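Peer 1: Sequence:
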Amino acid sequence: MPWSEITENLNDIIEEFEEYLEVTNVGEILRRYFVMNAFDGALTMLGFIMSSLISKVTDAHIIISAGFGMSLAMGVSGFVGALITEKAEREKQVKELEKVLLTRLSGSVIDRAGKVATLLAAIVDSSAPALAALICASPFFLVIYNVIPLSLAYNLSIAVTLGFLFVVGLYLGKIAEGGKLRYGLYMLAAGLVTSSLIVLLGIK
Numbered sequence: 004m005p006w007s008e009i010t011e012n013l014n015d016i017i018e019e020f021e022e023y024l025e026v027t028n029v030g031e032i033l034r035r036y037f038v039m040n041a042f043d044g045a046l047t048m049l050g051f052i053m054s055s056l057i058s059k060v061t062d063a064h065i066i067i068s069a070g071f072g073m074s075l076a077m078g079v080s081g082f083v084g085a086l087i088t089e090k091a092e093r094e095k096q097v098k099e100l101e102k103v104l105l106t107r108l109s110g111s112v113i114d115r116a117g118k119v120a121t122l123l124a125a126i127v128d129s130s131a132p133a134l135a136a137l138i139c140a141s142p143f144f145l146v147i148y149n150v151i152p153l154s155l156a157y158n159l160s161i162a163v164t165l166g167f168l169f170v171v172g173l174y175l176g177k178i179a180e181g182g183k184l185r186y187g188l189y190m191l192a193a194g195l196v197t198s199s200l201i202v203l204l205g206i207k
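Numbering (the working numbering), first residue to last: 4 to 207.
None of these hints come from the bench; they were simulated from the model. Hints are not guaranteed to be accurate.
As the list claims (entries may be wrong) - Below, a list of computed lysine-lysine pairs in the BS3-like style, where the Cα atoms sit at most 25 angstroms apart: (1) Lys90 / Lys102; (2) Lys98 / Lys118; (3) Lys95 / Lys118; (4) Lys118 / Lys102; (5) Lys90 / Lys118.
Source: prediction; values computed, not measured.
Produce the entire structure from the sequences given, and follow the hints as far as they go.
Peer 2: Below you can see the structure in the form of structure tokens.
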């Protein structure tokens with residue numbers, strides 16, 4: 004197949020994909036899913052790390068294994084939950100449009116766009132918390148390769164998580180078109196409150 008034909012086909016796919024995004028207005032939904040679930044993943048991992056610290060877990064392999072399992076569970080839960088929820092919502096919208104237009108929309112641009120939007124929402128919903136959790140636990144990988152001691156990994160992991168929450172808040176503020184610092188501080192405060200409560204309650 005000539006390169007020009009490959010490029011043309013790729014452009015057609017991109018244009019069709021952009022049309023789907025415009026028809027479903029899925030961009031707003033994806034942003035909401037990303038922020039909400041990245042926040043959940045980071046805060047959950049922060050709670051796990053703080054509890055591990057209080058419980059004096061000294062094996063980085065245990066922390067990574069448990070963190071990976073938690074990330075996987077959040078990813079699967081997010082994917083299935085979003086897939087089913089969005090599928091039901093999109094099917095409802097299509098049926099309502101069919102009643103108004105007095106015609107079947109199966110196989111139409113609206114129908115195909117809804118299916119693409121559903122899949123994208125599920126992917127974002129599953130990947131955001133899992134990715135956030137893995138980022139927050141990343142310093143413990145350095146312990147396994149004897150780059151840093153475990154005590155430093157705990158401190159770095161907590162710092163990375165709080166920093167990640169702050170960045171997510173900045174992004175949320177950007178979406179809101181104002182008050183980026185305020186939103187960043189909101190997210191940071193949530194992380195600090197969570198950490199403080201775990202320490203005060205002595206959760207093990």
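Peer 1: Hint by hint, say whether it matches the structure.
Peer 2: Do the hints match the structure? See the list:
no.: 1; hint: Lys90 / Lys102; in the structure: holds (18 angstroms)
no.: 2; hint: Lys98 / Lys118; in the structure: holds (14 angstroms)
no.: 3; hint: Lys95 / Lys118; in the structure: holds (12 angstroms)
no.: 4; hint: Lys118 / Lys102; in the structure: holds (19 angstroms)
no.: 5; hint: Lys90 / Lys118; in the structure: holds (7 angstroms)
The structure shown violates none of the earlier numbered hints.
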